[in-house]
Amino acid sequence: MKSLSVPELLAKNRFELDEEESHIEVNQELVKATGCGRAMVACCPAHVYTQEADGTISVEYAACLECGTCLAVAAPGALKWHYPRGGFGIQFREG
Amino acid sequence: MTQQDASEETEVDFDVIVVGAGIAGCVAAYQLARQGRSVVLIERGEAPGSKNLSGGVLYCRGMQEVFPDFLDEAPVERRITRNYINFLNAQSSVGIDYKDARLVEPVNAVTVLRAKLDPWLAEKCEEAGVFIMPSVRVDRVLTQDGATGRRVVGVRAGEDELRAHVVVAADGVNSFIAQEVGLRARQPLNHLATGVKCVVNLPRETIEARFNLTGQEGAAFAVVGDCTESVGGGGFMYTNTDSISVGVVLRLDDLIAKDKVATEVFDHFLSHPFIAPYLEGGEVVEYGCHLVAEGGMAMVGEIAMDGLVIVGDAAGLTLNTGLTVRGMDLAVASAVAAAVGIGSALDHKDTSKVGLAGYGEAFFASSAGQDMKTYARAPGFLEVERMYKDYGELIGNVLYGVFNLDDKPREHLLKVALKAFKRSPLKIRHLISDGFAGGRAL
Chain A
1 MKSLSVPELL
11 AKNRFELDEE
21 ESHIEVNQEL
31 VKATGCGRAM
41 VACCPAHVYT
51 QEADGTISVE
61 YAACLECGTC
71 LAVAAPGALK
81 WHYPRGGFGI
91 QFREG
Chain Y
96 MTQQDASEET
106 EVDFDVIVVG
116 AGIAGCVAAY
126 QLARQGRSVV
136 LIERGEAPGS
146 KNLSGGVLYC
156 RGMQEVFPDF
166 LDEAPVERRI
176 TRNYINFLNA
186 QSSVGIDYKD
196 ARLVEPVNAV
206 TVLRAKLDPW
216 LAEKCEEAGV
226 FIMPSVRVDR
236 VLTQDGATGR
246 RVVGVRAGED
256 ELRAHVVVAA
266 DGVNSFIAQE
276 VGLRARQPLN
286 HLATGVKCVV
296 NLPRETIEAR
306 FNLTGQEGAA
316 FAVVGDCTES
326 VGGGGFMYTN
336 TDSISVGVVL
346 RLDDLIAKDK
356 VATEVFDHFL
366 SHPFIAPYLE
376 GGEVVEYGCH
386 LVAEGGMAMV
396 GEIAMDGLVI
406 VGDAAGLTLN
416 TGLTVRGMDL
426 AVASAVAAAV
436 GIGSALDHKD
446 TSKVGLAGYG
456 EAFFASSAGQ
466 DMKTYARAPG
476 FLEVERMYKD
486 YGELIGNVLY
496 GVFNLDDKPR
506 EHLLKVALKA
516 FKRSPLKIRH
526 LISDGFAGGR
536 AL
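First to last, the protein sequences are chains A and Y. Note that the working numbering has the first sequence beginning at 1, numbered continuously upward. Note that the working numbering has the second sequence beginning at 96, numbered continuously upward.
Calculated directly from the structure, the hints in this document are not laboratory data. Just so we're clear, the structure is a prediction, and the values are computed from it rather than from any experiment. Among the hints, a few may not be true.
[To be verified] List of simulated lysine to aspartate or glutamate pairs, DMTMM-like, C-alpha gap at most 25 Å:
1) A/K2 - Y/D337
2) A/K12 - Y/D337
3) A/K2 - Y/E375
4) Y/K211 - A/E16
5) Y/K522 - Y/E480
6) Y/K211 - A/E8
[What the hints assert, rightly or not] Sample of chain Y residues lacking proximity to chain A, with all beta carbon distances greater than 10 Å (derived):
7) E168
8) A196
9) R209
10) F226
11) E254
12) Q311
13) G496
14) K503
15) P504
16) S528
[Said to hold, decoys possible] Residues of chain Y placed beyond 10 Å of chain A at every Cβ, according to the derived structure:
17) P163
18) L257
19) T289
Just so it is clear, CB atoms sit at the ideal spot from N, CA and C, and this is done for glycine as well.
Chain A extracted, bound-state conformation (with noise of 0.2 Å):
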C-alpha cells in the first residue's frame, strides 16, 4: 500500500466545515515563551499546527480530528482549543 501524505489521509474523511468559527486560539505570546510550540506541531496527527518562519503557531482548524492532543501539550494557557459548534467539524463514517 502507497504510504499517503497527511493531506492525503485527511482528504479520505468527510468533514462539515464552519466557516464562520473557528474552534481554536493560539495565545502566541505564551507559546513563544513557554516553547511548547514544537510540541503541537510534533504530536497533532491532523499536522493543523505549523511553525512559521517568524516563530508563531498558524492553524488549520479545518483539518482538526477533535482529538486533544494539542490541548494536553501545549502550555496552560497557551492554547484555547474546545469543540466545534454542534454538527460541525469530523464527521466520521467508520469510527
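Place chain Y on chain A using the hints.
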C-alpha cells in the same frame, strides 16, 4: 433526608440529561429509560457515532448483559479468536500467536467500528424512550448553591438551558464537563497517549487468507518495539469484516522526549516490512485519532458530585495491561453502575453526591471496577523504557543465534542467550526487577 435536595424543588425538563452518545452515554441512557426515567441524550455530532473513534476491540460480555442479542443484532465486525503479541524490531519479529477455540464460544471480544456501532446503540435508546438531540454541543453545566455546596442542575447549549435531577457526563476523554466542575485536573503527559489510526479496506477473502481466519473469526495484533521507533506505546492491527483498523498509540511524554513526529511514527509502522504485506493492495477509507487515558486507576478521581456523575473515558476509565487494552468494556460497566446509582438516588429523592454514591459502589464491585484496582501498577510498569526496544531485540538476537546456521559450530541455547544478553544494554538486575514488577503489575 433532613434537608430537601435543591434539585427536587425546581422544575426539571428531564429526570436525567446524558451528555455524549458514545458507549457510556448510550448504555447509561438506555438503562435509565428502561427504569422508566425521562432521559435526554445530547450529542454534538450530526448523528450518534460521528465523533467517536476507538482502536477497535470491545470485550463484549458486559454489553451482552445489557443487550442479550448484541452479537446477532449489533453491527459488530469480527469475533476475536486470534491474539498475536509481537515484539517488532527493525530487522526481526518475534511473536506469540495465541489462537483458542475457547474464545469462539462464548464470544469474548469483537472488533467494532464506532460510526456503525453507536448509531445502533442510539436506536436502542430511542426504542426505550430516550429523547436524542444530535448536533447540539453542550457549552457548560448549570450549577447553583445547594444544601451541600455547589450542585449541577442542568446544562447550557447556546441559548438553551435544560434542567434535570442528574447530569451524566459521558463526554469522552477530554471531558470539558469534568474539568469545569473540578472533578478532573490537568493530567501529566505520562498519563496520556495519542492514538493514530486508519481504516484500510480489503476484500474479506483477502483478510481471511492473510490473517488465517474463517467466517466471522477475527485477529487482534498488539505490537511493541521498532514499530513506534521505541516510543512508549505500541502498534495495533485489528481485522474488521472487510477492512483493517491499523495504527499506533504513542505516550505523549515519551513522544516529546524522543523528539518524534506522531504522523511519521504512524507511517513508519504502516510501511514496516513486517506490517506492510498485510495491508498490500488496500485502500485507506478513513484517518482518525483519539486521545487515550493511560493512567489507569491513578487517573480516576471522584466520579460523582451533587447532581452529576461521570462515566467512561470522561472518568478516566481505561486500562492498558500491556496485553489487553480496554476502554469500551469499562464504559459499559460504568454506565450500568451509574444507572443503578442514579435510579436509587432518584427513588430516594436525594441526588446529592451522597445519594449518588451507589454508582461508585456498584462500579468498583463489578469485575471491571475490580480490574481497575488489580492493574493499578500496570501503567508505571509499562513506562519502563526497556519494554519498547531492548527486550524485543534480545529475544530476536537469541533466536537469530539459534536459526542462523552459518559456518560456525552451534552452541548450546544457554550460551547463545548469554552472549546476546551481554551484547544487549540489559542487565541482570533489569530482568529481575522487571520480572518482579511485571508479575505484580500485570
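(request) Against the earlier hints, flag every one the structure doesn't satisfy and list their numbers going up. (result) 9 and 19
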